[in-house]
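With the hints as extra help, turn the sequences into a complete structure.
Residue numbers (the working numbering): 3 to 194.
None of these hints come from the bench; they were simulated from the model. In this text, all values refer to a predicted model and were calculated from it rather than measured experimentally. Beta carbons are placed, not taken as given, at the ideal position from N, Cα and C, and that holds for glycine. Possibly wrong hints are sitting among the right ones.
Computed spacing ranges between beta-carbons, pair by pair [what the hints assert, rightly or not]:
{"no.": "1", "residue 1": "Q142", "residue 2": "D16", "range": "33 to 39 Å"}
{"no.": "2", "residue 1": "D16", "residue 2": "G144", "range": "38 to 44 Å"}
{"no.": "3", "residue 1": "S145", "residue 2": "A41", "range": "20 to 26 Å"}
{"no.": "4", "residue 1": "G144", "residue 2": "G12", "range": "30 to 36 Å"}
{"no.": "5", "residue 1": "P104", "residue 2": "L33", "range": "40 to 46 Å"}
Cross-link-like lysine to any residue pairs, in silico, SDA-like; alpha carbons within 20 Å at most [stated by the list, open to error]:
{"no.": "6", "residue 1": "K22", "residue 2": "P100"}
{"no.": "7", "residue 1": "K22", "residue 2": "L40"}
{"no.": "8", "residue 1": "K22", "residue 2": "Y95"}
{"no.": "9", "residue 1": "K22", "residue 2": "P46"}
{"no.": "10", "residue 1": "K22", "residue 2": "A41"}
{"no.": "11", "residue 1": "K22", "residue 2": "A36"}
{"no.": "12", "residue 1": "K22", "residue 2": "G11"}
{"no.": "13", "residue 1": "K22", "residue 2": "G131"}
{"no.": "14", "residue 1": "K22", "residue 2": "E133"}
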Amino acid sequence: MEILAVRWGGQAGDCWEFWKVEPCCGEPANLPDALYCLACWSIPLINCVTAGKFFATSLDQQFGLINHCVPFIIPYLNFAAVVSTRHNYRTRYNVGHPIMDPLGLLGDLFMTSYCCICTCSQNLRASGGKEAWDWVPDLQEGSIEMMIEPCLLCRKDVSHTQANIFWIVEFACWYLLDRFQAFLPVPKKRNH
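As structure tokens, then:
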């Protein structure tokens, strides 16, 4: 189970504890904050900006539209950004394998593929509150940048070359897998 890192302890708790909505939906949890959270994470396009801000926070970077929002709009790259976000919060929490460890990345890939809602709720609890994903104050302050240098997928604790090579390989694997599915035979329906 260590490869999956499902038990983070502390405020993040266990992966399956999706009913724990604090601090994301207010502390203590309340209806207005919960509705605001729901709107930010479920309305199309707004959710891309919300996920982008959350991704930027996982990288300890200022929020930039191109760096952090565009990956959530582009197919395949959005999955890499979701896996990266989980990887960044998990390693910040010092749970499971260290940064860029292949087994830890494999666990992050598996958890975001098959347990995405539980994984995202765990990330939200680990982030420490709505400041991690709420981009509206940044908009009001005018602190949202168009692009931030350097453009990262993983936290700064790892070399850019190592991180970029990993994500290029992952992107290529997902792309080839998707293209390979087009060549698979479609099962014929049986007439009974």
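Now for the hints, and whether the structure bears them out:
no.: 1; hint: Q142 to D16: 33 to 39 Å; result: holds (35 Å)
no.: 2; hint: D16 to G144: 38 to 44 Å; result: holds (39 Å)
no.: 3; hint: S145 to A41: 20 to 26 Å; result: holds (22 Å)
no.: 4; hint: G144 to G12: 30 to 36 Å; result: holds (34 Å)
no.: 5; hint: P104 to L33: 40 to 46 Å; result: holds (43 Å)
no.: 6; hint: K22 to P100; result: violated (26 Å)
no.: 7; hint: K22 to L40; result: holds (14 Å)
no.: 8; hint: K22 to Y95; result: holds (18 Å)
no.: 9; hint: K22 to P46; result: violated (24 Å)
no.: 10; hint: K22 to A41; result: holds (18 Å)
no.: 11; hint: K22 to A36; result: holds (12 Å)
no.: 12; hint: K22 to G11; result: holds (13 Å)
no.: 13; hint: K22 to G131; result: holds (13 Å)
no.: 14; hint: K22 to E133; result: holds (17 Å)
In this structure, the hints that do not hold are numbers 6 and 9, in rising order.
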